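Dock chain B against chain A, hints included.
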Amino acid sequence: MTSGVQRASASVPAIVEVGDRSASGGSRHAGLRGRGTQASGASILVHVALYAGFVVMAIPFVWMLLSSFKSTPELRRWPPTWIPQERTTENYRELFSRLDFPRFFLNSTIAALAVTAGNVLLCSLVGYALAKLPFPGKRLLLAVILGSMMIPAFVTFMPLFVFVANMNLTDTRAGLILPFLAGGFGAFLMRQYILGLPDELLDAARVDGAGEFRIFFRIVLPLCGPALATLGVLTFLTNWNSFLWPLVVASSEDMYTLPVALALFSTGQQRSNIALQMAGAVVVVLPVVVLFFAMQRYVIRGIATTGIK
Amino acid sequence: MAGPILVSFVTSFTDMRVTDIRSPFGVGFVGIDNYLDVFADPTFRTAARNTAIYVLFSVPLTIGIGLLVALGLNEGTVRLRNVLRLGYFLPYVTSVVAIAVVWRIILGTDAGLVNGMLDRFGFDGPGWLTDSRYALWSIILMTTWRGLGLQMIIFLAGLQAIPVQFYEAAAVDGATRWQRFRYVTLPSLRPTLLFSTVVASIGLLQFFEEPYVMTQGGPRDSTLSVAFHAFNQFSFGNYGYTAAISYVLFVVIAGLTLLQFRILRERP
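If you're matching them up, the sequences are chains A and B in order.
The first sequence begins at 1 in my numbering and counts up one residue at a time.
The second sequence begins at 1 in my numbering and counts up one residue at a time.
Simulated from the structure, these hints should not be mistaken for laboratory data.
Nothing here was measured: the structure is a model prediction, and the numbers come from that model.
Yeah, the Cβ is synthetic: ideal placement off N, Cα and C, and Gly gets one too.
Heads up, a few of these hints could be off.
[Stated by the list, open to error] Beta-carbon label-pair distances, calculated as ranges:
id, chain 1, residue 1, chain 2, residue 2, range
1, B, GLN260, A, TYR51, 29 to 37 Å
2, B, THR109, A, GLU86, 18 to 26 Å
3, A, ALA42, B, GLY64, 18 to 26 Å
4, B, THR109, A, LEU106, 31 to 39 Å
5, A, GLU86, B, ALA254, 48 to 56 Å
6, A, PRO102, B, LEU36, 43 to 51 Å
Bound-form chain A, shown alone (with noise of 0.2 Å):
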C-alpha cells in the first residue's frame, strides 16, 4: 500500500476505519484488564459462554453438512445420527445431473458477477462526482441516495416489477441484473471514502491536462482499493443471497438463480427428499463462506458502519 491510500483511509471518518481497529482494539484494552488479577473468575466465564455460544451457532453447519453426505432414509432414522453411517454423493450427483443445479449455478454466478461489476464501476463514478465535483444539485443529489437507503426493499419491488415487464424483461437475464446496477448504498460508500483523497492529488493532474475520466480511471480509482473491496463483495453477497426479486422475475426455470431453486424444490416437487435439500443448501452457502472468510475484513468494515446486508 501507498502512504497516499493510508493517508486517504485514515481520514475518512468511521466509515472504512471501524475494521481495522477491530484487530488491534482487543490488546488496547488488554492493558487495562490485564491488570487486576481478580478478573480471572469472570474471565472463565466469559470464555465458557463465548465458546458455548459458538459451538450453537456452528451446529446447523455442521448438521447442513454431514447431512448433505448421508441418504434421506438415514436422515429419516430415529434418533439422528450424526456421522454418516453410509456416506453417499448420491445427493450431489442428482442435483447437479438430474435437476438443473449447473444452470441454476450459473445463472446466480452471472447475476452476481454482472451486478458487482455495475456497482463498482457506476457507484465509484457517481462517489467521486460527489466528493470532487461541483455541478448544480449535488445536495439534493446527495439527500435523494440517502434517502433510498431508508426505503425498505419490499415497498418498491411491486413498482419495480411493473416497469420491468414493460419492458419485456421479465423472465431474463437483465431483468434480474438491470434494476441493481448502481445503489445508494454504493455511491454513499464510495463518495466518503473519495472525499479522504487529498484535492492537490487531482488539481495536479489537471494543471497537467488530464481530462475528469482521465483523472477518474488513472488516479482515484487506483487509490479506492479496500473501499472497492468492500463494495464488491458485499454487493456479491447480497446479490447471490437476493430471493424476492428473482423469484418475482424469474418465472420459468430456466432463470431460476440458487435461492429460488432450493425454496421451490424445498416446498414443492422435492419437499419430501430432505437428504437432497442438506445438500442444496450447501451448494448456496459454499461460495458465500468461502468468499466471506477470504474477504471477511472488508466485509466486517462495511456492515459495521452500514448495517445493510
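Frame of chain A; chain B shown alone:
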C-alpha cells in the same frame, strides 16, 4: 429510487390488477378503498399481529445477545477472538433461504435434530413448525440465531470508538465492572444502540423468506407476515391492494424509525 415510492403511493389508490400491467395509466382511481379493505381484512390483521410479535421479540433478542457477545469479545484477554467473531457473524452473510431449509429440517418432527436431542433426555418435543402455538416462536428463535452476529459487529465497532481514557478515569475512581458498564459503556453506546435498533427493525419488519420456506405462512396463518401477505396478494394479481399493504408497512417503518430517533436521543 424515489420513483418507486411515488408509484407505489399512487398505485395504492387504484384498482390496478395484473391485467393492467401494459396500460398502467388506464387504471381507475378508487380513493382510499384499498386502505379500507386492508384494515378490514382479517388476514391482514393476523399478519400485522404476527409481524408485531415477531419484531417485538426478535429485535430486543438479537440486540441483547449481540451486545453480550460483543462485550465478551471486547475483553482484551479473549483467545481465538477472530475465529469467534467469524463464527457468530457467519449466519448473517449466508442465504436466508438455505438457512431456513436447514432449520426446517432441524426443527422437523420426524427427523429433527432438536427433537432428537430432547428425546435423549426423555422429553417429547412438540411440532416446532407444525403447531400454531410454537411456529412463530421457532422462527423468532432462528431469526435471533441468524441476526445476532450483525448486532455484534455493529456493537464491536461502537465499543472500540469509546475513548480508553473514560475507562482509565473510571478505574481511578474505583468503579466496579458493573459500574464501568452502566456509567461508561452504556451511555457511550447510545448512538450505536439507536443505529442497531433502526437497522434491526427495518430489516425484521419485512420478514418474508423464513415463513415462505419453513411454514408457508401456516399453520393456520400463525406465521403469515405482512410482507408475505403483500407477496400473496401480488401473486394473485391484486396490484393496487399490494401497494396499499406495502405502503402501510412503509409508513410503520418510517414512523418507527423517527420514534426511535426521538426516544434514544432525548434521554441524557
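Here's how the hints hold up against the structure:
no.: 1; hint: GLN260/B to TYR51/A: 29 to 37 Å; verdict: 33 Å, holds
no.: 2; hint: THR109/B to GLU86/A: 18 to 26 Å; verdict: 24 Å, holds
no.: 3; hint: ALA42/A to GLY64/B: 18 to 26 Å; verdict: 19 Å, holds
no.: 4; hint: THR109/B to LEU106/A: 31 to 39 Å; verdict: 36 Å, holds
no.: 5; hint: GLU86/A to ALA254/B: 48 to 56 Å; verdict: 55 Å, holds
no.: 6; hint: PRO102/A to LEU36/B: 43 to 51 Å; verdict: 50 Å, holds
Hint check: no violations occur; every hint is consistent with the structure.
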